[in-house]
Every structure is written in C-alpha cells, then in structure tokens.
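Residue-level listing of the chains:
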Amino acid sequence: AQKITQTQPGMFVQEKEAVTLDCTYDTSDPSYGLFWYKQPSSGEMIFLIYQGSYDQQNATEGRYSLNFQKARKSANLVISASQLGDSAMYFCAMIREGAQKLVFGQGTRLTINP
Amino acid sequence: KAGVTQTPRYLIKTRGQQVTLSCSPISGHRSVSWYQQTPGQGLQFLFEYFSETQRNKGNFPGRFSGRQFSNSRSEMNVSTLELGDSALYLCASSTRLAGLKDTQYFGPGTRLTVL
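So the protein lines, in turn, are chains A and B.
Note that my numbering has the first sequence beginning at 1, numbered continuously upward.
Note that my numbering has the second sequence beginning at 1, numbered continuously upward.
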C-alpha cells in the first residue's frame with residue numbers, strides 16, 4: 001500500500017523567505033508519480049508541481065521546486081521568495097502506475113507573515 | 001479554457017436523505033475522479049470514471065455511487081445520508097493519456113453538511 005507522511009502540521013514563515021515543506025512516502029511500486037497541491041481557504045486544490053520516480057532531475061515550476069531524494073523516499077517542496085498569497089494548506093500526493101487514484105498526506109498549513 | 005466546475009457549491013441535508021453532486025470536467029478531459037475531504041480522515045479517493053465506466057473505486061460503502069455521461073460530465077450520489085458524510089467533495093478531471101504524469105485538476109468542491 002502507498003502512504004504519504006507530512007510531519008509538519010503548521011509552519012510560519014516571514015514574507016520573502018524560502019520555505020521547505022516535508023513529504024516522505026512509502027511504496028513498493030517501482031514506478032510512481034509525486035504531486036504537490038495547494039489548497040487555499042476557498043477549498044479548490046491547485047496543482048503546483050510533479051515529479052516522476054524515474055526523473056533524473058528535480059522538478060521546478062517558477063518559484064516551486066521539488067527536492068526529490070529517491071533513496072530516502074522524500075519529495076520536499078521548496079518555495080522560494082514566499083509571498084502572502086502562499087498562505088494555504090499544502091498537500092503531497094502519490095499515484096501509482098495504472099491507477100488513477102491519488103493518495104494524499106495530511107497536509108501542512110503554511111502561514112506567511114508580513 | 002474553463003476549469004472544472006462543480007454544482008452546487010454548498011448543500012445542507014438531513015440524515016436519511018439522498019444527495020446528487022455534479023461535476024463538469026475541463027473540455028477534452030475524459031477522466032473524472034471524486035474525493036472526499038474531512039478534518040478527521042483527510043482526502044480520500046471515492047471513485048474514477050472514464051468513458052462512462054467506473055475504472056477505480058475507493059473503500060467507501062455502497063451508499064456512494066456515481067456515473068458519467070457521454071459528454072464526460074459526472075454525478076455522484078450519496079443515499080441515506082449519515083452525519084459522517086458531512087465533508088468537502090472534490091472532483092478532479094484529467095486526460096488519462098499521460099500515464100504517471102497525468103495531472104488531475106480539481107474543481108472548487110461541494111461542501112455538504114448533514115444535520
């Protein structure tokens with residue numbers, strides 16, 4: 001079975017600082033995908049970034065980057081130069097090959113202070 | 001391109017009633033997945049529909065059902081509502097053509113309250 005663990009229930013960061021949100025996963029599948037989503041208070045899940053298990057390089061999307069350490073089974077999200085609008089819940093999720101089911105972690109609530 | 005839309009956005013029902021939620025996927029997306037989000041259980045997968053057929057199912061009782069129409073729109077039905085069914089129900093659509101990279105794009109959700 002797949003499992004995602006996000007150990008930081010909440011984080012507080014000053015505006016313009018970089019922040020790292022932790023995600024560790026457990027799976028016996030050789031092929032899998034890892035996603036990060038942002039959920040503002042409005043409720044909609046917003047896709048941020050994707051990393052495949054066989055990708056050689058860490059994924060980047062604008063201010064978001066993924067620190068993927070396959071041997072340690074971790075896929076931490078790094079947000080550079082945080083902004084007030086980054087305040088939200090952040091979820092790490094995993095998908096296995098052949099199944100359209102996302103398995104989510106419990107999420108981390110990020111608060112950016114001015 | 002319009003995003004995933006869900007209707008209604010809010011619902012209040014009483015125990016024992018049934019409810020139908022609707023989801024319209026992004027144009028061109030043929031896969032629709034449903035998730036339930038509660039404070040206690042987090043985000044849990046309900047089921048996925050592709051080409052009008054249920055392809056994957058989560059661990060939920062038979063009171064939860066769904067269907068997909070030929071235009072890829074999907075509905076989810078919950079019968080004999082229980083207090084524990086109060087949740088945010090999220091729908092996500094994807095092309096199902098990109099393998100592991102197939103990104104699911106979510107709608108704004110329907111917040112269901114059962115009294």
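Check the hints yourself; a few may be wrong.
[Said to hold, decoys possible] Some but not every residue of chain B turned toward chain A, in silico, with C-beta under 10 Å:
(1) Ala2
(2) Phe45
(3) Phe47
(4) Ala92
(5) Val114
Just so you know, the hints here were simulated from the structure itself, not pulled from any lab data.
Using N, Cα and C, we set each Cβ at its ideal position, and we do this for glycine too.
*asked:* Hint compliance check: list the failing hint numbers for this structure, sorted ascending.
replied: 1, 5
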